[in-house]
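Model the placement of chain B on the given structure of chain A, informed by the hints.
What follows is each chain in one-letter form.
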Amino acid sequence: MIQGSWKIGGIALLAYVVWTTFTVPLGPGLLELRDRNEAASTDGITKRIETYELIGLGTHWGAGTEDLRVFIRKGQNLAQLPVIDVIDDTHAHIALLLPDTLPSRSWDVLANHPVDGTLFLQNGLFTDAYIIEPTAGLEPPVFDEHAPNLPHHFPFQPRIFETIRNLMLHVPMWFTMFLLMGIGFVASIRQLGQKEASNTVFDQRAEASVQVGMAFGVLGLLTGSLWARYTWGAWWVDDPQLNGALVTVLVYAGYLILRASVEDQRLRARLSAVYNLFAFIILMILLMVLPRFTESLHPGKGGNPGFNSYDLDSSLRAVFYPAVLGWMLLGTWMYRIRLQATQLNQKLQRLNQR
Amino acid sequence: MAQGFSHIRFLFQHALRVELRKKHGIAGLLVFAVASVYTCYQVTGTHAEQESWNALAWVVLLFSAFNAVSKPWDDDRPEIKSFLLHAVSPNHWLIARIAFYVVLLGVVSTVTYAAFLLFLGMDHFTGWTAVHYYLGIVMTSTALATLLAMIQALSTRAGGGFSLTAVLGLPLIIPVILVSTSYGSDLMRGIAFGDTAHHLLFLATLSAGFTALGYILFPYLWRE
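From first to last, the protein sequence lines are chains A and B.
For the first sequence, my numbering begins at 1 and goes up steadily by one.
For the second sequence, my numbering begins at 355 and goes up steadily by one.
Looking at chain A on its own, in the form it has when it is part of the complex (with noise of 0.2 Å):
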């Protein structure tokens, strides 16, 4: 065993982090079916023709334009809408040929393609103008299912899309802080129990880790804020989750300004040690109590933030967990180097004293 090859583990797990969250590509889905305004009676009577835009992102429908089949579903009713043509990729021309007596308004559209599989777009349809009738049955179509035939990617989630990337980049951040956060929490209870107090090995434990994990909190409300500009709309948003993760970060500032203010070494070490102790229970209250009892926009929040409603698939978590372990292992390394420069330093200054 190599001495230190823990840190070119963590540097390996996060070269390969970077790697494939660059370069995995996304999976195909549907973003939108619309209607294109040129409604065209045939008999005027009986059937209405309305033609629609089927939209894809990242979908194949040009390979193999014939095997494009287009599908609303509402329960058990499943019709299928014939396809006009295919124009590329990520655009086809859909028939909306139904019976005038149908048992829903809105749809679920499905499209399946021997590339793609079966790509599903919660009510992507709303059909106004018919008889809606909750008993009128349509007869089900004849077809067999193409399973996808697609390389590895990440999952296809409305309104993410691409930003899913974000998933490596900005949760693990939050964790290596707790890390640290934990890290000065257990050096901080151990100074107050120190016998001797000139004793501050401890209380600069305490001060590197809360130094490196406020530059992780950084980092996470900066790829927070870039990825809500993506998908939110906005740098920052009123927010349960983000006034927490916000407050913390300025709580811990709060400890850093605290250890300016005090010149005596030894009242340094015991009343940043006091306050390190509040503000880790309070980060606790914040971003593990707080929001289980309030409403959240943010992912896998709502109510309850468990770790399965992060709706991570295998293809993300085997970048996710790596992640995660490479980033704390980063933290860990940066941690010990700040330990160090603070501990030369302080024997530096003796020396001149001297």
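Hints are supplied without guarantee of correctness; some may be wrong.
As the list claims (entries may be wrong) - What follows is a set of in silico ranges between Cβ atoms, one per label pair, in the way DEER data are often shown:
no., chain 1, residue 1, chain 2, residue 2, range
1, A, Asn352, B, Ala441, 39 to 45 Å
2, B, Leu489, A, Thr231, 35 to 41 Å
3, A, Gly193, B, Ala484, 44 to 50 Å
4, A, Arg34, B, Gly544, 48 to 54 Å
5, B, Asp549, A, Asn199, 49 to 55 Å
6, A, Trp6, B, Gln367, 56 to 62 Å
7, B, Leu489, A, Trp236, 29 to 35 Å
8, B, Gly544, A, Asn199, 56 to 62 Å
9, A, Ile87, B, Asp549, 51 to 57 Å
10, A, Arg190, B, Pro432, 30 to 36 Å
11, A, Arg350, B, Arg577, 34 to 40 Å
To be verified - Far from chain B, by Cβ distances over 10 Å, these chain A residues were calculated:
no., residue
12, Val24
13, Thr51
14, Asp88
15, Leu96
16, Pro99
17, Thr101
18, Pro134
19, Ala147
20, Glu196
21, Thr223
22, Tyr230
23, Asn243
24, Leu277
25, Tyr321
26, Ala341
27, Leu348
To be verified - Sample of chain A residues with no beta-carbon within 12 Å of chain B, all distances over it, derived:
no., residue
28, Thr118
29, Pro148
30, Ala234
31, Leu250
Since the hints were derived computationally from the structure, they do not count as laboratory data.
Idealized CB from N, CA, C, for every residue including glycine.
Frame of chain A, contents of chain B only:
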């Protein structure tokens, strides 16, 4: 145990006496609070919107509370202070201090709330809602008192004074503010008291938690 209670009672009465002895002490706080309410009244008139009413009430309450707690800790003569340091258990001192702040903030927030009802009107309250709102205000000022007693002691020991109390205290009280503002807006939107009372429970839990944490940690601040 009985001795502990008598110590706490004595220290509490002592803090109260010191506060009342200063002529400008509590009167200054109340003038600050009422003047803030009056300023709000000048802007909004008697018919403030629901949201403004709620926001202004909590903001004025928060600043009055900070003002009350953030006064420097030097209200004792040094010889009395050094006597206390040796004669009294730090935990008893803290409990007495918290009790004193609870009473002080209770008085200040009650006067603030009364001024709010007087000046900005009580259009948004029906029936018992005003009383329920008052319950929220009392619980909030209790939670603020428990946390700020500790933070104030900390910043005094660090020699930072008012600004350090604000820098350290404001972020830490955000959980309290989040809970109490959502409680207030729930009440004003007409949500039944029973459906929003869990906020009060949460505030009580926070107060208990802050007191327990202070009880454990205060001895480390106390010793020289």
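Do the hints match the structure? See the list:
With their beta carbons about 43 Å apart, asparagine 352 of chain A and alanine 441 of chain B fall inside the hinted range of 39 to 45 Å. Separated by about 40 Å at the C-beta atoms, leucine 489 of chain B and threonine 231 of chain A satisfy the suggested range of 35 to 41 Å. At about 49 Å, the CB distance of glycine 193 of chain A to alanine 484 of chain B agrees with the hint of 44 to 50 Å. The beta-carbon spacing between arginine 34 of chain A and glycine 544 of chain B, approximately 41 Å, falls outside the hinted interval of 48 to 54 Å.
Evaluation of the 49 to 55 Å hint for aspartate 549 of chain B and asparagine 199 of chain A yields a pass: the beta carbon distance comes to about 53 Å. Checked against the hint of 56 to 62 Å, the C-beta distance between tryptophan 6 of chain A and glutamine 367 of chain B comes to roughly 60 Å, which is consistent with it. Between leucine 489 of chain B and tryptophan 236 of chain A the C-beta distance comes to about 33 Å, which sits within the given range of 29 to 35 Å. Against the hinted window of 56 to 62 Å, the Cβ-Cβ separation of glycine 544 of chain B and asparagine 199 of chain A comes to about 59 Å, which satisfies the hint.
Remark: the range hint 51 to 57 Å for isoleucine 87 of chain A to aspartate 549 of chain B is upheld by a beta-carbon distance near 53 Å. Take arginine 190 of chain A and proline 432 of chain B: their Cβ atoms lie about 34 Å apart, and the range 30 to 36 Å holds. Checked against the hint of 34 to 40 Å, the pair arginine 350 of chain A and arginine 577 of chain B fails, with Cβ atoms roughly 26 Å apart. Interface exclusion of valine 24 of chain A from chain B stands, the closest Cβ pair being 39 Å apart, more than 10 Å.
At roughly 46 Å, the least C-beta separation between threonine 51 of chain A and chain B is larger than 10 Å, which holds for a residue marked as non-interface. Under the 10 Å C-beta cut-off, the non-interface status given to aspartate 88 of chain A relative to chain B holds; the minimum distance is some 50 Å. For leucine 96 of chain A, the non-interface assignment is confirmed: its Cβ lies about 43 Å from the closest Cβ of chain B, beyond the 10 Å cut-off. Every CB of chain B is more than 10 Å from the CB of proline 99 of chain A (nearest about 46 Å), matching its label as outside the interface.
Look at threonine 101 of chain A: its CB is around 43 Å from the nearest CB on chain B, clear of 10 Å, so calling it non-interface holds up. No Cβ of chain B comes within 10 Å of the Cβ of proline 134 of chain A; the nearest lies about 34 Å off, and the non-interface call holds. The claim that alanine 147 of chain A is not at the interface with chain B holds, since no C-beta of that chain comes within 10 Å of its own (minimum 49 Å). For glutamate 196 of chain A, the non-interface assignment is confirmed: its Cβ lies about 14 Å from the closest Cβ of chain B, beyond the 10 Å cut-off.
No beta-carbon of chain B is positioned within 10 Å of the beta-carbon of threonine 223 of chain A; the least distance is around 22 Å. Every Cβ of chain B is farther than 10 Å from the Cβ of tyrosine 230 of chain A; the closest lies at roughly 27 Å, confirming the non-interface assignment. Distance to chain B contradicts asparagine 243 of chain A as a non-interface residue, since its nearest Cβ pair spans about 7 Å, not more than 10 Å. Some Cβ of chain B comes within 10 Å of the Cβ of leucine 277 of chain A; the nearest lies about 6 Å off, and the non-interface call is violated.
Residue-level check passed: tyrosine 321 of chain A sits 31 Å from the nearest beta carbon of chain B, beyond 10 Å. Non-interface status of alanine 341 of chain A relative to chain B is upheld: no Cβ of that chain comes within 10 Å, the nearest being about 24 Å off. Once the 10 Å rule is applied to beta carbons, leucine 348 of chain A is consistent with being away from chain B; the minimum gap is 26 Å. For threonine 118 of chain A, the shortest C-beta to C-beta distance to chain B comes to about 43 Å, beyond the 12 Å cut-off, and the non-interface label holds.
Non-interface status of proline 148 of chain A relative to chain B is upheld: no Cβ of that chain comes within 12 Å, the nearest being about 45 Å off. Distance check for alanine 234 of chain A against chain B: the nearest CB is about 20 Å away, which clears 12 Å, and the non-interface claim stands. Not every C-beta of chain B lies more than 12 Å from that of leucine 250 of chain A, the closest at about 4 Å, which undercuts listing it as non-interface.
Hints 4, 11, 23, 24 and 31 from the earlier list are contradicted by this structure; the remaining hints agree with it.
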